[in-house]
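**Q** Top to bottom, those sequences are chains E and Z. Sequential numbering of the first sequence, starting at 1, is according to full-length UniProt numbering. Sequential numbering of the second sequence, starting at 1, is according to full-length UniProt numbering.
For the record, the hints were derived by calculation from the structure and aren't laboratory data. Quantities reported herein were computed from a predicted structural model and do not represent experimental measurements. Glycine residues also receive a C-beta, built at the ideal position from the N, C-alpha and C atoms. It is possible that some hints are incorrect.
[What the hints assert, rightly or not] Chain E side only, calculated, beta carbon under 7 Å to chain Z, not exhaustive: (1) Ile14; (2) Gly17; (3) Pro76; (4) Ala77.
[Claimed, not checked] A few chain Z residues that don't get close to chain E, going by computed Cβ distances all over 10 Å: (5) Ala56; (6) Arg162; (7) Leu184; (8) Ala311.
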Amino acid sequence: MTNLFDPELLDRCISCGFCLPTCPTYALTGDEGSSPRGRINLMRALDTGVLDVDDPRVKEEASFCLGCRACEPVCPAGVQYGQLLETWRDLQWTGRNRPVIAWALMTAAARTSLLRLMGLVRRPARGPATAATSLMLGCFERGLFPGVSRAARRLLPGLAVPADQGCCGALHAHNGQSHEGEEMARRLGEQLPGVVVTTSGGCAAHLASVLGRDRVQELSEHLVATGVTPTGEVRVDGRRARVALQDSCHLRNGLGVSAQPRALISAVADLVAVPGEASCCGAAGTYSMLRPRDSRRILDPKLDAVEAAGVDYVVAVNPGCLRQLDTGLRRRRSRVRAVHLADLLADAAGGQALPRPRRRAFRAFRAG
Amino acid sequence: MSLGQDVIVELQAIVGSDHVRTTKGDLEPYARDATPLFRGVPDAVVWPRTAEEVAAILRLATRRGVPVIPRGAGSNLSAGTLADRGGIVLVLTRMTTILEVDADELLARVEAGVTTAALAEAAAAKGLLYAPDPGSRTVSTVGGNVATCAGGLRGLKYGVTRNYVLGATAVLPTGEIIRTGGRLWKDVAGYDLTRLLTGSEGTLGVLTEITVALLPMPATTNTGVAYFPSLADAGRAVTAVIADGIVPATLEFLDAKCIGAVEDYAHLGLRRDAGALLLFGDDGHADAVSRSLDRIGELSTRHSALEVTLAPDVARSEALLAARRCALPALSRLGTLTILEDATVPRPRLAEMVGRIDEIAGRYDVSIATFGHAGDGNLHPTCVVDRHDDAAADRAHKAFGDIFATAIELEGTITGEHGVGAAKLPYLQARLGADQMALLRRIKAAFDPAGILNPGKLGS
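The shape of chain E in the complex, shown without the other chains (with noise of 0.2 Å):
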């Protein structure tokens, strides 16, 4: 098999290793195969036939990679590896080469009718079909967590809330089937009116790529470029909120936008920067149920750190995260609860009660 790749994403990589440290697999091992530098050697090889698709090392190095385009950013060079590992999976993960629980997702997503039962179910948020701008509900989203759309639509009263709406594709863009993925937005494209507001900066970016960066806007995003100040405090205890923040790799990495989520944060609760707040908690779409003892050796030292920080809440801006961080601070019965940005701001402008954070005696108890 040869030029399998788009030659003018390939040769853009210029072996300097600016990505080394970024990359939060690379930190797992150690070894270059799970770097970015060194996964796009993999994909020259593949390229050129030296190694085929076959190969443990370039078999495994597919799935181990988050994906959260953390090497982005810091490349000089501009090289494009969110894209160059869509073109990659899509080699690698065809036919029964395809995770089981991938395939499983993807094709649950891609139901429309099946949302629609969700959203029976699980009632995520209602509104007209026409306005300027309109609200995307997540497919998974609106089924594990429905008042985060609820929540949004609280903050954003005059957005369309179209029922009929699919899923954006995102999973299948990162699953191995990036042309799925891309018909996909597209359709939900023409399903939505006007601007896409969306709650997961996951779907946001992938959205973004195949609708153009004009009409697709991220939840903190809008708010901030609408100049909608949030109103109210999050209080625990009769004082100010502590609050930190996990970044969404693709809404930081892949659309550049960290400072607005930030500016939210602050105007409702008190802000903690929390070490390697920036870097992928693990959930990376489906890893987290693909690689789930990789997913934790990643998320771990983050929720230490979390916890260390002493805050009350962890805000998300992307249900996969949400899930990720709200799944292991559950497990370690933590005090920190993982709460979703939108409902953050619902509850501080009186809409919405965030679950209470636990009493530290409750630690203290099982320390003992």
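Assemble chain Z onto chain E, guided by the hints.
**A** Okay, now just chain Z, sitting in the frame of chain E:
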């Protein structure tokens, strides 16, 4: 060559089977460093954790005649960490402990795999400065910096890595672990093996631990930019600055092509209409820094600068320096194959050298952008061509041959800070002469009788 199964089993016994990799897919990522056009696939990649493990690996390699190529982050630009004859790539990135930072003695002791930025941060946390500042500092390792005697952006005032290495622990190819130098500025007992190992490019021994000198952190630093109609004007301004008795920490230049490329990446608002810019910076007490930068601005204006601006704050100053550090990868956006070179001439001949480079580029019909350290005459002519245009790559190669010859003719050298590696070995004799080359080989043989350590590089 390929390694016998028994060698692999022995390697596994030394470092544990998790830290020996030998499949095709495992080796491919280690077939390159940051040098374009060079490739060499090793037979095994091994990650030792201690000097003793390194010693055991080297003893095995000497006994079996297996090449060993030490490697840090592989960010070098001279093909210095390539296994072009196969063998074992010895990766030191697991050795990342900062052993001590001593504010009283003004020194730090680190394992070889610590990144330069991590060392600088640990020093800064105690109010100390690690002066060498290579562009690749966030990636490159201290061991690699010492092995290549890396330079950087503060070279004019502070010199290069060599000036800061007080001592080292090195493993010889025959397995002895030696400690050269120590913790002292003044120590003249014996041949200066610390200096010999510094810049030896992993051909004499494997550095496993390094003691470096630190300085008190300067109270302030600031940076300014001066734009000029041409690089020759900038060169005259540099001469005037030095003649005036000012030795700033940083005096860097970018030509028009580099300005455009850096601006495309970093969006700093640099003037694209200028023919060249000088980035100048200094550190020390606030009033001294401001005096020095004002004076450089004045002299620049007197030498036809179009505009001079000083960074209003630390963040802007850091952004300017960061932009300069990324000049190479940013330039690579202009084409698909980027060859960056490293030549140095005596400072007063910088402008002449740049003129000669332009003339050579014209003669070979290739596009060469130039940036570098104006303060110490160290330039990085960088050629960007189409990867698939073999004829152009060939012309670039020939152009660089002429550039090195010109540098030597102007009493300069073929590398100021990147090292010789495999890439520039063909030009080394022109710089050193036959007698010195022979001496280099005798030194190499004294350290490495079996010739296993980084063969095809210095001393070959």
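**Q** All hints, please: hold or fail.
**A** Hint check results:
1. Ile14: Check passed: Cβ of E/Ile14 comes within 5 Å of chain Z, closer than 7 Å.
2. Gly17: At 4 Å from the nearest chain Z Cβ, E/Gly17 passes the 7 Å test, so the hint holds.
3. Pro76: 3 Å, holds
4. Ala77: 4 Å, holds
5. Ala56: Correct as stated: the minimum Cβ-Cβ distance to chain E is 20 Å, above 10 Å.
6. Arg162: 23 Å, holds
7. Leu184: 33 Å, holds
8. Ala311: 20 Å, holds
Checked against the numbered hints above, the structure violates none of them.
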